[in-house]
Amino acid sequence: MDRIGIVFVKEVIDNLRDRRTLGSAIIGALLGPLLILMLIVILGQVFFREGATKPLTLPVRGAEHAPNLVAFLQQQNVEIVPAPDDPETAVRNGDVELVLIIPADYAEDFAAGRPASVQIVEDSSRQSASLSVSRTRSLLNAYSRQIAALRLVARGLSPAVIQPLTVQSLDTATPQSQVLIFLNALPYFLMFALFSGGAGVIIDSTAGERERGSLEPLLINPAARREIVLGKLLAALPFASAVLLLTLGAYAVIFNVVPLEEFIGFRLSIDPLALAGIFLVCLPMIVLATALQMIIATFARNFKEAQTYVGFLPLVPALPGLGLAFIPIKPDLWTMLIPTFGQQILINQFMRAEPVSAANVLISAAVTLGLAAILVALSIRLYEREQIILSR
Amino acid sequence: MIEVLDLHKSFGTVKAVQGVSFVAPDGQITGLLGPNGAGKSTTLRMLYTLLRPDAGTARLDGHDITRSALEVQRRIGALPDARGLYPRLTARENIRYFGRLHGLAGAALETRIDALLKLLDMGEIADRRTEGFSTGERLKVAIARALAHGPGNVLLDEPTNGLDVMSTRAMRDVIRRLRDDGRCVLFSSHIMQEVAALCDQIVIIAHGKVVAYGSPEELRRQTGQANLEDAFVSVIGSEEGLER
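Just so you know, the protein sequences line up as chains A and B, in that order.
Numbering-wise, the first sequence is residues 1 to 392 according to this note's numbering.
Numbering-wise, the second sequence is residues 1001 to 1244 according to this note's numbering.
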């Protein structure tokens, strides 16, 4: 047991002196929070600032054919501007978000009571324009309904005749849950942080140790391989935990100190207690990440190879996390049985201030730690083989 | 004392060691001499328990290398072929790490480290990080950490490889001093002159087998040659080991 501590202390001191590893761990920790902050600021500007309050700029061709429609639009806070010469190219290039074309026969059709056609030129693959397009569309529909109602009244009918249904929608999304769309990326960044924190230590103490030629002398010492492997594994944990804490600390600052309401129009915060809960949920994953890295770095032929493989590792558990951003999954028992997947769901629950079941936390922790234990046992077996010192 | 009993080791189809036996007594320097690839390093790696013999065994101070590996590791100080250091640790910290793994601690360990630093004339480099050390300086650290626990048996794999003349002389002095302390010193070399200058006893290995074994005097007598160089050539059948 003493020797586990000796290996642990040596690896911690050794790696604390490695500025490069520390630097990349800190960058890994802050990358996620910075990206999230940027997302909120930039997307917040697009989606919230440009809401109904800002006048909609609408390029119109043939405005002279429909003075009433144009007047209606102007009343609805729309700024009519002349359309570019080639509307389709301009929209395709993104020079304008959309163009409304009013054909020359509009006036004639309108006067005759036939459906008068107007055209919207849009690029539906362009997300940023979708708000303006849907706003234009609903204004045109509103105008259409208004005219229809007037025509019915003129013929002595009730406008209700052409409105068998009135659809009312009740949006239960709170501002908080709307902006949480951005936050779906947060579990992914946490995963990245907890994988990057200990990676340097693991690579240095396994592949690095072998590449330096210090593994063979080390293994001649009267220490069980188990003690050496455990010492090295444990040495990575404080680094990974520190990086995770730093990441969560950065989120705490972003969501509690930075005045986000200036960008998105309302207050958004994550309770520091929820962040503490997220930290606890992440701890078993740190052990699992470290054990996985240990095995991969031990198999790698050299330092470079180990760095490459270990670098790809966070993508594996991140994939289901990325999926979570699109498909909402409930915290059922089966999800808790999948290491890292269950935790990502729990992290989401903490962020949304939903009640988190203690049983789910414990089950996911137990399954994750169980898998980590198997991987650690496997690492020890790898170190007990004589191939470990033979050059590969 | 090291007793080697008919060791065998193969890697796939390559028979690296096929029947090596000898005894390295305490208070003597035993040289394992042979061309590159003769099986010297493989034999030593079995002695310091990193490789398991396919057949045969060896005993260190009576402890079997396959059955009591930990006991054997406690009794040997080894300088393996791979002798990398931890570049971010100082020379003293490198030595201390291995001393602690051997169960030493506190004042006893520090006294021991100071004695080794003095023995190997490392006063100036003791508290510098080993990054950027010369080959000779790195070797000194590697020897010192192998001796941190005061082992009775010292196994050195090509200890003078890559050293300049001055460092080689210093290294030889250290090896003689270890012998004079009554330790069993076993070292390997592919350089005949090196072995001739130091050894009380020579084990010549070629193609994984012991081809001659005895004191320099006995080897000359066995082969009927007047000098060791000719004796060496006659037993291994080539001049491979004569490079300098």
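Hints in this document: simulated from the structure, not taken from any laboratory.
Errors might be hidden in some of the hints.
[Stated by the list, open to error] A partial selection of chain A residues facing chain B, derived with a Cβ cut-off under 8 Å:
1) 212
2) 214
3) 223
4) 386
[What the hints assert, rightly or not] A few chain A residues that don't get close to chain B, going by computed Cβ distances all over 12 Å:
5) 2
6) 24
7) 112
8) 149
9) 151
10) 213
11) 215
12) 217
13) 218
14) 220
15) 221
16) 258
17) 305
18) 339
19) 360
Don't be surprised by glycine CBs; every beta carbon is placed ideally from N, CA and C.
> Would the least Cβ to Cβ distance between residue 112(A) and chain B come out above 12 Å?
Replying inline: holds (88 Å)
> In terms of Cβ atoms, is chain B entirely out of 12 Å range of residue 360(A)?
Replying inline: Correct as stated: the minimum Cβ-Cβ distance to chain B is 42 Å, above 12 Å.
> Is residue 220(A) truly not at the interface, in the sense that its beta carbon sits beyond 12 Å from all beta carbons of chain B?
Replying inline: With a cut-off of 12 Å, residue 220(A) comes too close to chain B, as the shortest Cβ separation is near 5 Å.
>> Just want to verify: residue 339(A) was marked as not at the interface with chain B; is every Cβ pair farther apart than 12 Å?
In response: About 33 Å separates residue 339(A) from the closest Cβ of chain B, which puts it past 12 Å; holds.
> residue 213(A): least C-beta distance to chain B exceeds 12 Å?
Replying inline: violated (3 Å)
> Any Cβ of chain B at or closer than 12 Å to residue 24(A), or is the non-interface label fine?
Replying inline: holds (16 Å)
> Is the nearest CB of chain B more than 12 Å from the CB of residue 217(A)?
Replying inline: Not fine: 6 Å to the nearest Cβ puts residue 217(A) too close to chain B.
> Taking 12 Å as the cut and beta carbons as the points, is residue 2(A) off the interface with chain B?
Replying inline: violated (8 Å)
> Per the CB criterion, is residue 223(A) less than 8 Å away from chain B?
Replying inline: Holds - the Cβ of residue 223(A) comes within 8 Å of chain B, reaching about 5 Å at its closest.
> Would the least Cβ to Cβ distance between residue 215(A) and chain B come out above 12 Å?
Replying inline: violated (7 Å)
> Minimum Cβ distance from residue 214(A) to chain B below 8 Å?
Replying inline: With a minimum Cβ separation of about 4 Å from chain B (threshold 8 Å), the hint on residue 214(A) holds.
>> Quick check for students: does the CB of residue 149(A) sit more than 12 Å from each CB in chain B?
In response: holds (81 Å)
In the structure shown, a violation is registered for the earlier hints numbered 5, 10, 11, 12, 13, 14 and 15, in ascending order.
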